[in-house]
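Participant: This is what each chain is made of:
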Amino acid sequence: MSILVLGIGNLLLGDEAIGVRIVEALEQRYLLPPHVEVLDGGTSGMDLLDVMANRDHLIVADAVLTGDEPGSVVMLHDDEIPAMFTRKVSPHQIGLADVLMALRLTGEFPARLTLVGVVPQTLEPGIALSSVVQQVLEPALQQIVAALKQEGVKVIPLEVADANA
Amino acid sequence: MSQRITIDPVTRIEGHLRIDCEIEQGKVVKAWSSGTMWRGMEEIVKGNDPRDAWMIVQRICGVCTTIHALASVRAVENALGMEVPVNAQYIRNIIAAAHSIHDHIVHFYQLSALDWVDVTSALKADPQKAAQMLNGLSEWPLNSAAEFLAVQNKIKALVESGQLGIFANGYWGHPAMTLPPEVNLIAVAHYLQALECQRDANRIVAVLGGKTPHIQNLAVGGVANPINLDSPGVLNLERLMYLKSFIDKLGDFIEQVYLVDTAIIAAHYPQWLTMGKGADCYLCVPELPTDRKSEHYLLPGGYMENGQFRPITTQHDKYLQQGIEESGKHAWYQDDKPLAPWEGLTRPNYTGWQEDGKYSWVKAPTFYGKTVEMGPLAWLLCSLQAGHQPTQQVFGQFASMMKTLTGEAVRTEQLESTLGRVVGRTVHACVLHQTLSQQWQALVTNIGTGDHETFIPPNIPATGEIRGVGFIEAPRGALSHWVVIKDGKIANYQAVVPSTWNAGPRNFNDEPGPYERALVGTPVSDPAKPLEVVRTIHSFDPCMSCAVHIVDATGGEVSRVKVM
Chain A
997 MSILVLGIGN LLLGDEAIGV RIVEALEQRY LLPPHVEVLD GGTSGMDLLD
1047 VMANRDHLIV ADAVLTGDEP GSVVMLHDDE IPAMFTRKVS PHQIGLADVL
1097 MALRLTGEFP ARLTLVGVVP QTLEPGIALS SVVQQVLEPA LQQIVAALKQ
1147 EGVKVIPLEV ADANA
Chain B
84 MSQRITIDPV TRIEGHLRID CEIEQGKVVK AWSSGTMWRG MEEIVKGNDP
134 RDAWMIVQRI CGVCTTIHAL ASVRAVENAL GMEVPVNAQY IRNIIAAAHS
184 IHDHIVHFYQ LSALDWVDVT SALKADPQKA AQMLNGLSEW PLNSAAEFLA
234 VQNKIKALVE SGQLGIFANG YWGHPAMTLP PEVNLIAVAH YLQALECQRD
284 ANRIVAVLGG KTPHIQNLAV GGVANPINLD SPGVLNLERL MYLKSFIDKL
334 GDFIEQVYLV DTAIIAAHYP QWLTMGKGAD CYLCVPELPT DRKSEHYLLP
384 GGYMENGQFR PITTQHDKYL QQGIEESGKH AWYQDDKPLA PWEGLTRPNY
434 TGWQEDGKYS WVKAPTFYGK TVEMGPLAWL LCSLQAGHQP TQQVFGQFAS
484 MMKTLTGEAV RTEQLESTLG RVVGRTVHAC VLHQTLSQQW QALVTNIGTG
534 DHETFIPPNI PATGEIRGVG FIEAPRGALS HWVVIKDGKI ANYQAVVPST
584 WNAGPRNFND EPGPYERALV GTPVSDPAKP LEVVRTIHSF DPCMSCAVHI
634 VDATGGEVSR VKVM
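These protein sequences, in sequence, are chains A and B.
When the letters of the first sequence are read in order and numbered with this note's numbering, they come out as residues 997 to 1161.
When the letters of the second sequence are read in order and numbered with this note's numbering, they come out as residues 84 to 647.
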C-alpha cells in the first residue's frame, strides 16, 4: 500500500495556497507511517510525474472554483476528478490534469483518487489566507485524516505520540 | 479583407498570454503579444530579509522554480560582494543543468511535438519500416519494430475507446501536418518513452535539492548540503554514485533519441527553417561558474547585434548590467520611458487593449535600446560565435544527420527561424548533459582533496543601501533578479524574466517584440485552426496551455480551439 497526500497551490496568491497549507499542517501535527508520503507540490506539473506514479491512493488538497461560497469544502472521488480538472477550476490544474493523463498513458494511474478542495475567496498576490479560508483549514484537514483512516492508516496526533514515547 | 485571430490563453504559471494576428492573403501581416495578468509578485518580497527572498521568489512560477531561486541568491551574493565555495558552485550547476534538461525534454515531447506530429497518422505506419529508418542514426534499444508495433496497438486502443486523453486536442489531419506515417509513429513512441526518461533529470534535482518541486538546499553564501563521504544522511559516496546513475541514463535518451528526433523533424519541415525570425539581436549570459569568484564559466555568453558578436565572459560584466532597461510605453503602466531595473517602477495604468497604444501587462525590455531575443537559439548562435567547442561538436553532429537525411547541410543563418529555436533547445540539452558528467567529476575530485566547504555565512550590513544583480541562463533565456537592500531589508526587487524579453510588446521606439516579429509572414492555411501560429509561438517555449479564439472582422467568435 502506497499513499501520497499532495498539496497543490501557489503560495504567493492568497487562498491559492490552501492545498499546501493543509498538507503542511498534516505533516506538522501528525505521525504517519512510512507508506504515507506527504508532499508540498507547489504549482508544478510534470515534476510530479514520478511521485504520483503507481500510487494505491492519491489524495490531493487544492483550491477549487466550484461556484460554491468561498470557504466551502468539497470532496471528490476517482472519475469525478479528472473531469473537474479539465474545466480549469483553478489557475494551476491544467498541469495536474496533464500529469494524470500522462499516467493514464504510461499505465501508472493511481488506483484511487480523492480531492479535498476549498473554494477560495481571493487569489490576489500576497502570502496569507483570507480569514474565511483560514477558518476551514481545520475541517479540510480532518477530511484528509478521515480519508487516511478509512484506508486503515494509523494517523497519530504528535502530542499523543510524544506522550507515549 | 484582412482577418483577425486572437489567441487568448489561460495559464497557470508564467502569466497569461494573448496573441492577436492580422491575416491577409493567408499570411500574418501584423501581430500583438499581450501579457494579460499583472505579475506584481515582486512586491511580496519587499521588507523581507534578503536571505529569505529565494524561498519566496521560487514560488513565482510553477516551472522555473529552481531558476528563480538561484537567480535570487546570486543577486544577494552580488550585493554583498560574496564568494561562493566551489563545492556549492558545482552542486548548484548540476541542479541548474538537470533542471534545464528536464524542461527542454518536456517542452519538445509533451508540450510542442504535437504541433508537428499527427498521432492518428501513426496508425497507418509500417513498424518495420519505422525501425529501418533509424538504422545508422540511433542506437537506442527501444527503436525496434516490435516496440513500434506495441505503441501502434496502444494508440489504436485509445482511438477506438474514444479516450485520446492528452492527445485529444491535436490538429489531426491539418494540411500543415506533413510527416510520413512512420515518422509520426517514431515520434509518438518517443513521446511515451520521454514520460519515463525525463524523470531521471528530475531525480538529479531531487537528490541534491532535497525536494522537488521547490528545492530546499540553497542559501545565500552556498548550499546546505553537508559533505562527508563516510557519513549516512549527508552527501556521501553512495548518494554521489546514485546521482551518477541518473546522469548516465539520461545521456542515452538525449543523444540517441532527442537529438535524432529533432533532426528527423527538421529534415521533414525544411520550410520552417526559413521563417519565424524574431529579432536582429541576441543575448545570452555565461553560465555554470566553476570558481569561488564566479569569473570562469563552462558555457559562454555574448551579445549579437546584426551579426556582430561581442563576448560576455562574466556575469559581473558592467556592459551586461548597464544595458538593460524596461519601457512601459505599450504596457499598462504610468511610466513610458525606459528605466533600469534597480530604478524600476511598477505603477499600473490599465487602459484596455489599444492596438497602437497600451495592450499588455508585460513591459518591453531592451539592451542598449534594442529589442533582443533570448533563449536556446540566442545561446546557440552566441556559443557558435564564441567558438565553444562542445557546442560546435554537437551542432556538427546534428548537421551531419541532416545531411544524411536531406542531402543538404544546415547553414547557420537558417537557425534564425521557428525550427532553429527547436534545434537550439536540443543542442543546449546535449551540451548541458556533457557538463553534468563534467561537474559531477569535478565535485567528486574536489571532495577527494579534502575540501568539504559548502557555505560561507553572509554578513548583511544593518544600515546603508547596497544593490545586487543575479543572472542565470535559464531554459527560456537570460533571467535576472535585481535587489536593493536598505538597512538589512529588501527595499526594491525586480525580476526581468526571459518571457518578458521574448513576449514583450512594442518597445519605446514602437519596434515589435520577438513573438510579434516572428509571426509576421507565417502562413495560416485555415484561420479556424491556426496551427502555424501555434508552432512559432511554441518554438519560444512560453510553457502555457492556451485557448484559441478566432474572431472575424465583425468581432464575432468563429471558433474556439484548445491548444497545448
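No lab work stands behind these hints, which were simulated from the structure alone.
Everything numeric in this text was worked out from a predicted model, so none of it was measured.
Each hint should be verified, as a subset may be incorrect.
As the list claims (entries may be wrong) - Listed next, the in silico SDA-like pairs over lysine to any residue satisfying Cα-Cα at most 25 Å (straight line):
#, chain 1, residue 1, chain 2, residue 2
1, B, K239, A, G1122
2, B, K376, B, N300
3, B, K294, A, A1124
4, B, K237, A, F1105
5, B, K360, B, K237
6, B, K612, B, M358
7, B, K572, A, F1105
Participant: Tell me, in ascending order, the numbers of any earlier hints that this structure violates.
Facilitator: 1, 5, 7
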